[in-house]
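Generate coordinates for the entire structure from the input sequences, incorporating the hints supplied.
Listed below are the residues making up each chain.
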Amino acid sequence: MKLPILVPALALLAAAEVRAFSYPALDTTSHWSIQDFGFTSQQGFYVQGAEKNVWIAPGQAQARTVFYNLAVQGARKNGEDRKLSGQDFMGELQGDAYIGKYGSFKVDSDVSLVIVLFFMDDGKFEATAYFTGGGYSAADRWDVVFRVDYDLAGADNNTAEFLWNGGSEGRAVSPPQYPRGEVADGILAYSDAPGNGPAYWAASAHEMTVAYPPLPRESGEGVENAGFARILNASNPQFGMVLWGHSATPIQATFKAYTSNNGALDPGADISIALQSTGESGNYPRYAYAGRDQLMFLKLNPPVSGGTYQFGGKLFQRSGTRPLSVGIHQHDPARLDGFAFNPDMVVRYTDKGARTFRKALSDLIGSEEVTVTQSGRDGMPYLPFDGYAQPGQAVTEAQLHNLMRASRDRSQSALENVREWRLDLYLVDWTLQGEPGVWEAMFDYGGADANAIAREGAAVFWPALAGAGEDYQRRQSVLSALHAAGLAFNMDPSWSACSFAGYCWNDASACGGKRCGSACPPGSQGCGYHAYDCIRECADGDVMSLTDIERNSIRFGDQAPAGSGYSGTDWYRFAPEAWVKPGRFGAPPVSGPMPPFIRN
Amino acid sequence: MRIPAMPNPASALAAALLAFPPASLPGQPGRFHLAAERARYLLGEPIHMRIESPESRPPSLEEGRFLLGIEGAGEPERIYHPPLRLRTAPGSASGGKTQDALPGEPRPGGAPVVHVRFARLIASDGELLFRKPGRYRLRLIPAGGAAALSDSLDVEFREPDAPADRKAYALLSRNAGEYALAVYLEGGDQLKEGMAIIAALAAFESAYSRLASFVLSSDWSQDFTDYGGNGSRPMDLQKAMAWAQWDRGPGAYVPLRNAYRLKSGAEALAAREPGAPGLEALRGRLAAFFASLSPEEKAWFRSF
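As you go down the protein sequences, you meet chains A and B in turn.
Heads up: the first sequence at position 546 corresponds to 571 in this note's numbering, and the numbers run straight through without jumps.
Heads up: the second sequence at position 150 corresponds to 154 in this note's numbering, and the numbers run straight through without jumps.
Hints are not guaranteed to be accurate.
Sample of chain B residues with no beta-carbon within 12 Å of chain A, all distances over it, derived [claimed, not checked]:
#	residue
1	A43
2	R91
3	R141
4	Y264
5	P281
6	R287
7	G288
8	S296
9	S298
Now the stretches of chain B that chain A is said to cover, found in silico as 3 or more residues with beta-carbon under 8 Å [what the hints assert, rightly or not]:
#	segment
10	180–194
11	204–212
In silico negatives: residues of chain B with every beta carbon more than 12 Å from chain A [said to hold, decoys possible]:
#	residue
12	P87
13	A127
14	A174
15	M245
16	G255
17	G282
18	E301
Simulated from the structure, these hints should not be mistaken for laboratory data.
Ideal Cβ placement from N, Cα and C applies to all residues, glycine included.
In C-alpha cells, the structure reads:
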C-alpha cells in the first residue's frame, strides 16, 4: 500500500514547446523531481518519490511517479547479507540535463559501497556502484542488491515483460509456467547465446526470477537498445520503462508482489503468489495483460572484469496508439528508373480518398504518429552495391540482413528510442537469390536473421516489379512496401476477410474481369491459383491479401478474417506487443490463422 | 536431443496403415498434388516436396497463401512455419499467365502440363521440422481450416542405423537448428555453426554427404558480405564446382538446384568479370547437364 502523502501531485506547468505527437508525452525539457532521499538503517540508501513530468495537453504537464522507492539496502558477500550499516557521505548533483543522488556506505569491515543514481531529463536513469576500502578484495564475490518499487503514474497494477526469444536457453518462446516440466530443466534464463549466462528458471504468471548475462547496449545490433525487461502500467497502459543491462554486469531480477515483501535483502520468488495474468496461444510468446502491485529486486553480480556495477533504463510514454517509425532505404534513384520513394505519393484513389503509403500506415495505427525517414533525405544515404551484389543481380537473404545492419541508424538517440516501433524497409535494385519472381520478402528472421532479433526489416525488389510500365512499377513498389511492413508486423497474407477462391480466370463479364471457382474450366484463359483475392477483393482487397494494386484498397484489413475475432488493424493496435512489434521483444512470425488474444 | 527408441519397422508400418487411410488420388480438379522423391528419410534430411497443379504454378509455402499441415509421430496436426516469408508477382507465382495448354491436356507433342513448386522442408522455428522418428502425413490446407487443398503425402523419418550415418547425425545434432537453416537457405555465411556442420558432413561418406556437398557448392556460388557487414566474400567458382552434385540417381532436386545455383552465380560473376577462370568450363558442364534432362526435369528446373 502506498501512503497518501506520496500520491503524485498535479503540477500545472508553464507552456512550452511540445512535439506534435499525441498526448500524453514525456516532458524531456525538465529535471526529474525527487521528494526525498537519504539513509536509514532500515531502508538503506533510498530515493523516495522519483517523478517525471508528462505533458497531457499543450502547455499542461503533470508530475507522475516513476519510482515510489528506489533503494540499496546492502550487498551480499559470498552469499551472505551485508546491509548498509552507516554512511560515509551523501550528496546530490545537478547538471543541464540531469540530477543525481549519491552516497558512500559501510557494508563490511573497512569496506564501503559507493552508489550513484542518475536521472536524466530525457527519461533515462542509471545506477552505478563500486566498492572501496582496504578490506575489499575482488576474491570475494560481492553482489549489489537494488530494490525498485516502481509505481508508474501512481498505478498499483503493473506488468513486467521480459526479453525471451529464440536465443533463450531452453529454446522456448516463453518462460515456462510453473509447474511445467521445463522448470525442472533449470536452464531457462535468458541468454544471448545457448550456454551463456547463469542458469535460472522463470514462471511468468507467478512471482518470478530471471537472470541475464552482461548485455552491451548494442548487443545483437538491433533497432533499439539491449533492454532485458519492460515494466508497464497495466491499468492505464500509457507509461512504461525499459531496463537495460551493462556490458560487464550480469543481473538477476526477482519480481515480487508488493504485499509479500518481507524486507529480506535478497528474497527469492514465491511461485505460490500470482503476480500477473498472462495469456498465450500456440507457439506465440506468452504475454502479460494484467498485474498487481509489484516491486523488483535487481541483484547485480560482479562485473566480468571487475570495476563498477551498472544497470540503467529509460521511461517511455505510450500514447493511445503504437507510434511507428519507418526507415525507407533505397538505391540511388538513377538505378530505379528515376524513382525516389515518396511516402505521400498517391498510388490510387479509392472510396476512402487518395491513398498513400503514409496514409495506409496512419490508418493502421489509428493516429498520425507515423515517422518516415528515407534515403536521400535527413542525412540517410542511398544504399551501396559494393560488397553485396551488382545492380540488377540477385541478392541473398544474408546479404540483405548484413545490409540492414550496416545501414541502420545506430546513433545513441536511435538506440534509446524505445517509444516508437521501428522498422527498416529496403527498396533495392536486386532480385532475391533463388526466387527471382519475388516482389517482396520479409527476410529478417529465420536463417537470415543473424542477430536473432526478428522482423526488423523487409525488402522490395524493384526489378521484379517491372513489366507493366513505369507508373505501375512505382505504385506497386508502394503496395509492396506496405505488404512487407505488414509481414514485419507479423500479419499473415492468409488473414483475408474474403472467401477462399481457389482458381480465377479471365471473364470480361465478371467482377473485375475475373471469375473464380474451385477449378479452371476447360478453355478458360488466364486461369491461375488465387487463394483469397478474387471476386470480393476486386472491390475491397486489402494490403495483405491482394497483389494487384489496381484493385487493392491500399488499406490494411479492418474486417476480421475467417475464424478470427479481430482484424488486421486490431492486430496492430491491440494484440500483445510481443507478437506484433518488430525487433527485440518481438516473436518470430508464425504462419496461419490469427491466434486469439486478449486486447492489450 | 533425446530420441525415442525406433519402433519395429514392420509393426510401425502396419500401425501407420491402420492409422492413415489411403491418400487422396492426384489430379482431382482444383486440388494440388504433393509428391516427394522418397517415402523414407533419415532424421536431419530435408524433404524436397513438389507441389503440383495441372492448372497453374502453385504459390510457394513462403507466401502464406495456404498452409502445410503436418500430422504424425504421435502428435496432432501442426502448421509448418517456413523460415522466409515473401510475396510473388501474380503472374509468376500464383498463376495468372495464360497457359499454353488446357488443364490436364497434353502439350502439343509433349508431356501433360504439370506446374510445379518445390518446398524445402527441413527447418521451422529455429529447429529441425521433423525431430522425431515416425510417420508423418502432410497436406495443404487453407487458413480457415476448410477441406484440404491437396492430397496427402506420407513420409517416414527414422533414426540413422549405419555407423557413418549415426556419426553424421550426431554432428548435425550439435546445432540442429542452424544446420537446418543452412540446408533450407542452401548456404549462408552468417550461419557459422550450421555451415561448419555442413562442412564436416561433406568430409566423409554418409547418407548426408551428398546434400552437404550441394549446400557447400551452393554457398560458394554466392557472394556474401561478412557477418559484420563490412568485408565481402565473393563466390568461388572452383570450390562451387568442386562440391557440385550432378547425379540425378538419388533424386533430381539436388543436381537441378545445384545447377541453378551455379548458373545464377556464374551469371553474376560474368557480369563483373567476363573472362573469369572456369566460366567456360562451367558453361560447358551446364550445357551437357541440361541436354541430359527429361522434359519433366526441365520443367522442374524452370520452376526455380
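A quick look at each hint next to the structure:
1. A43: holds (26 Å)
2. R91: Given that some Cβ of chain A is not farther than 12 Å from that of R91 (chain B), nearest at about 5 Å, it is violated.
3. R141: Holds, since 17 Å exceeds 12 Å.
4. Y264: For Y264 (chain B), whose nearest Cβ neighbour in chain A is about 8 Å away, the distance does not exceed 12 Å, so it is violated.
5. P281: holds (19 Å)
6. R287: holds (18 Å)
7. G288: holds (23 Å)
8. S296: Per Cβ check, S296 (chain B) is outside 12 Å of chain A; nearest 23 Å; holds.
9. S298: holds (23 Å)
10. 180–194: Holds: 10 residues of the segment 180–194 of chain B have a Cβ under 8 Å from chain A.
11. 204–212: violated (count 0)
12. P87: Incorrect as stated: the minimum Cβ-Cβ distance to chain A is 3 Å, not above 12 Å.
13. A127: violated (7 Å)
14. A174: For A174 (chain B), whose nearest Cβ neighbour in chain A is about 17 Å away, the distance exceeds 12 Å, so it holds.
15. M245: Fine: 18 Å to the nearest Cβ keeps M245 (chain B) off the interface.
16. G255: For G255 (chain B), whose nearest Cβ neighbour in chain A is about 18 Å away, the distance exceeds 12 Å, so it holds.
17. G282: holds (18 Å)
18. E301: Holds, since 18 Å exceeds 12 Å.
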